[in-house]
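Novice: Since the structure of chain F is provided, determine the placement of chain X on it from the hints.
If you read the protein sequences in the order shown, they are chains F and X.
For the first sequence, the positions run 1 to 625 when the working numbering is used.
For the second sequence, the positions run 1001 to 1476 when the working numbering is used.
Quick caveat, the hints were computed from the structure, so don't treat them as lab data.
In this text, all values refer to a predicted model and were calculated from it rather than measured experimentally.
Fair warning: there could be bad hints in the mix.
Chain X regions said to be covered by chain F (calculated; three or more residues, Cβ under 8 Å) [as the list claims (entries may be wrong)]:
#1 1038-1045
#2 1141-1153
#3 1161-1169
#4 1456-1470
Computed cross-link-like contacts, DSS-like style, restricted to lysine-lysine with a CA-CA straight-line distance of at most 25 Å [stated by the list, open to error]:
#5 F/K600 / X/K1404
#6 X/K1107 / X/K1081
#7 X/K1107 / F/K600
#8 X/K1401 / F/K594
#9 X/K1357 / X/K1002
Think of the CB as a built atom: it goes at the ideal place given N, C-alpha and C, for glycine as much as any other residue.
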Amino acid sequence: MQEVCHIMAFDNYQNGIWSIMSEFDQSKVRNFCIVAHIDHGKSTLADRMIETTGVLTSREMQNQVLDNMDIERERGITIKSQAVRMIYKAKDGEEYVFNMIDTPGHVDFGYEVSRSLAACDGAILVVDATQGVEAQTLANVYLALDHDLDVFPVINKIDLPSARPDEVKEEIEDVIGIEAHDAPLVSAKLGTGIEDVLESVVHRIPAPTGDSSKPLKALIFDSVYDSYRGVIVFVRVRDGVLKKGMTAKCMASGASWEVVEVGYFGPGQFIPCDELVAGSVGYFTASIKNIQDARVGDTVTSADDPCEEALPGYKKVMPMVYCGLYPADTAKYPELRDALEKLQLNDASLFYEPETSQALGFGFRAGFLGLLHLEVIQERLEREYNLDLVTTAPGVVYKVHKTDGTVFDLTNPANLPDPAEIDYMEEPIVNGEIMVTTEYVGSIMQLCQERRGKYISTEYIEATRAVLKYELPLNEIIYDFFDALKSRSRGYASFDYEIKGYEQSELVKLDILINHEQVDALSFIVHKDGAYDRGRKMCEKLKGEIPRHLFEIPIQAAIGGKIIARETVRAMRKDVLAKCYGGDISRKRKLLEKQKEGKKKMRQIGSVEIPQQAFLSVLKLDEGN
Amino acid sequence: MKTLGIYIHIPFCKQKCLYCDFLSFPEGRAQQALYFAALSKEIGMGTEECSDYEVVSIFFGGGTPTSVSADFIVKTMELLKNRYKIRSDAEVTIECNPGTADFESLKLYRESGINRISIGLQSAKDDELRRLGRIHDLKQFEDCYKNARAAGFDNVNVDLMSAIPGQSLTDWENNLNYVCSLSPKPEHISAYSLIIEEGTPFYDMYGDDMDGDSDRKLQESISDNMDGDSDRKLQESISDNMDGDSGREPQECISDDMNGDSCRKPQRDISDDRCGTMKKILPLPDEDTEREMYHRTREILKQNGYHRYEISNYSLDNRECLHNKRYWQGGDYIGFGLGAASLMDNKRFHNTGDFQKYLSAFEPVKAVGDELNKNNLNDEEKCNGKTIISVIREDEENLDKTAKMEEFMFLGLRMVNGVSKAEFKSRFGENIENIYGDVIDGLVSDGLMETENENIYLTERGLDLSNYCMAKFIFE
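Isolated chain F (complex conformation) (with noise of 0.2 Å):
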């Protein structure tokens, strides 16, 4: 299979390509990233410009090539970020060498994206030239700019009526401060303006520095797993040549390899050379298994000759959302389990450690980056491994400080200690921007003060434009946050945030008990003054959930025992649905099996029965209001 690759590519590569590489110039490379705010069209631009350079012909350019998970299609995101080598032919006569690094585009895989631009030297901005700037723009800009890197804008969907190129362009200069009088006005999806891109790229983005006779040092910027290959470990080389044999070490994990094969990337392929040198942006392989040893942000240098310090800037990603994972049918925790090792192959930033739970059994608590990595991963063991789950309302990370002294992470709301123990709690805070037009600055003050936001500022960045900055907690913004800001602001208000760190917070268990039954996996950790509230709807909610039983079902929310709502649902009274018309008995049989296929969704808890969604009715509560 190895070998078979190999050929392929040399086959494809072995006229052109090839043979500028043989030659290394750092002045003609060029390192760039594309930055944007979520569908301002950064991945569509990047198919045109690998397009426009040839590298693949229209027929092998599927829509976003850039993007190969079918989620990822689907949800028009990138989550995977990954890097594309291209060749350019540019006016002055001269092939440049373009490694173009696609970055994640949520908020969640925000420190994947530092470490992508730290593999760069450059970047696109793109903006929507009907949208302007919004909070992402802003976010990533000035995320390149930390990272040093030289910014150039490109206002992209000129083609759109309501575009307001100008209007945009005075705006970027307004607000962000960098240079857009001659930005290229662009239409990837058209595919007008990609030359000028091109050249920009050739002409604002400098060349990579860096010494080929130094130490190796290089940056891990990104890592997938292969089942042929084990680990193919991205890399941007800062210092020193990272060759083919050679024992490579990651400095953080300590873990040393021999080097298998090292190389660049094609777009959708890998193409393998001898050697990467100073400034250049490519993989390598170490039959490395566990993705854990090589992780984004670590430094690879040499074993026998190890450069004096790591690159800075490395850290351990935690998991910011935590929920239980089950599965429904409770003989499947082994798939469970052997689907979410293959996925963590992939997927260092995931993390998971089995639990028990009363009401549904063996399972998992599963930590994420953010609520949408968790909608991705679930999404993927309900798609890829067929599997059906029962997922618990996610919660952040609490400090619960015990009256011991000891302070101790809170995953598992089941978890707490009895009051009398906690001497106090802390729960995780963000700092929040919301770009929203004027108008609905009103409504959308309202909605941070709902969910316990502290207002630190306004900032009017036009006349019709402000950016709000608030304070909030991060477990009023995990569930449906996103979609209330979107449907008070009818779709104009964009958000970015980033964790601020930890305050102490007047926090409760609030339990569920169904027919005088506690249930585990419904407990969750709410703010005191939202408690009643929360408590209330989350019984009226259940009551929706949980069908009716031969006998009357109490639904009671309590806090530490003192029940503070109660909602029944009443004792089934008739279930006759029983036409059999002119005889005719397979309508009857069918809804009887379809009565009885029913039931088997349904989760034993004591002697009720209770279907999977109801374990996420906490994050329903505010439908419908």
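Specialist: Just chain X now, kept in the frame of chain F:
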């Protein structure tokens, strides 16, 4: 000799009722004639398949069989009598709606050999009848009933519907008492709750939510109705059905007395005026009232000499409907006509519900109605017949042993006497306890089922929750 029931479907009615989801629609005489031509061909072709059987019951259901010219029915009876071995004491029922049959036609039916009539009264109150979208009033029922008796029908069923929008418990009791006061009183009463079925105007008005908090829903739906929008929608949907120019012509149908029990969704009400002006908002009776009605039915009818033998069916002694009991007891029956279902020799199947498909399947065949005396088909006709029958029959399924066990239970338990352990053993060669012991024990301990001597039957509460109970007899 094996016994057989025959079901004949007449898919025509004058106007469709607001709650009706049966296979029925109004058609002119020309279409009816085409249908009966096809139907007689089908009946003719069935002769060979049924040659080993003795027919013990025939049921003309619909639609409204009496809404078509009596001539069609009489000819069909003639054909049946000529082509099938019908036992002399066979029960032959026709469904009838008041206002669709005069004395003359009733007399023709009776003379043709039909000996039982099932009249769709539904309610003895004219305003309730209008609310249901019925085409008749009480006066027309009284005429119909009197005429049926005069025409010689000594076995009459009356259909009554409970839980009609706006109906109180007293209203319902009055309806029951009215029927019991008829002289002579009907031999059989079918009393069932209004069912809100998908695809009916009532469904659009009352929604699809089956249970839940009827009070709150009602409130919401009432206030819903207060604002003009939904009010107008309601009116439109009513008038849609009233006047024929909406593409769907007005239709009428009857429910036969085998559609006994029900399921309904308490929600908002519609106008009590068929013509579409909203006079007042009438709610469906709430769940408790609805069940109370159901339980009162049994008491009142018992006082009047009726015993309940099936979830919603009551009769005087020895007047239970034989044809319906066939369905519950797993007897063979064959259905002729559009959509008609059959159970023959452990196979279930039904005819197509597509009117045009049904008609065109028989086009190449010579009419059989004119050759009534011809008892044997020639080989060519037999061959043709088999091809055509295979075109109109759908969803044939062979019942294996487990399917038969399931059916034995979920059909048998509809009857008040339930199922017999000995019968189970003799049919399947196994003790019922070995197969369903756990299910039965569970239901007994929940108070939904009782066993007495040889019989296993559902309790009152078990009958209220019959679906819940029956689903437990379906194997994994």
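Novice: Each hint should be assessed against the structure and marked as holding or not.
Specialist: Verification of the hints:
By the rule of at least three residues with a Cβ nearer than 8 Å to a Cβ of chain F, the coverage given for the stretch 1038-1045 of chain X is violated, with 0 such residues. Only residues whose C-beta sits within less than 8 Å of a C-beta in chain F count toward coverage, and the stretch 1141-1153 of chain X has 0 of them, not enough to reach three; the restraint is violated. Interface restraint, the stretch 1161-1169 of chain X with chain F: violated (0 residues with C-beta to C-beta distance below 8 Å; minimum three). Restraint check on the stretch 1456-1470 of chain X versus chain F: 7 residues with Cβ-Cβ distances below 8 Å, three needed, restraint holds.
Between the alpha carbons of F/K600 and X/K1404 the distance comes to roughly 23 Å, so the proposed pair stays at or under 25 Å and holds. Of the pairs offered as hints, the one joining X/K1107 and X/K1081 holds, with about 18 Å between alpha carbons and a cut-off of 25 Å not exceeded. For the suggested pair X/K1107 and F/K600, the alpha carbons sit about 55 Å apart, so the restraint of at most 25 Å is broken. For the proposed pair X/K1401 and F/K594, the alpha carbon gap of about 20 Å is at most 25 Å, so the pair holds.
Between the alpha carbons of X/K1357 and X/K1002 the distance comes to roughly 32 Å, so the proposed pair goes past 25 Å and is violated.
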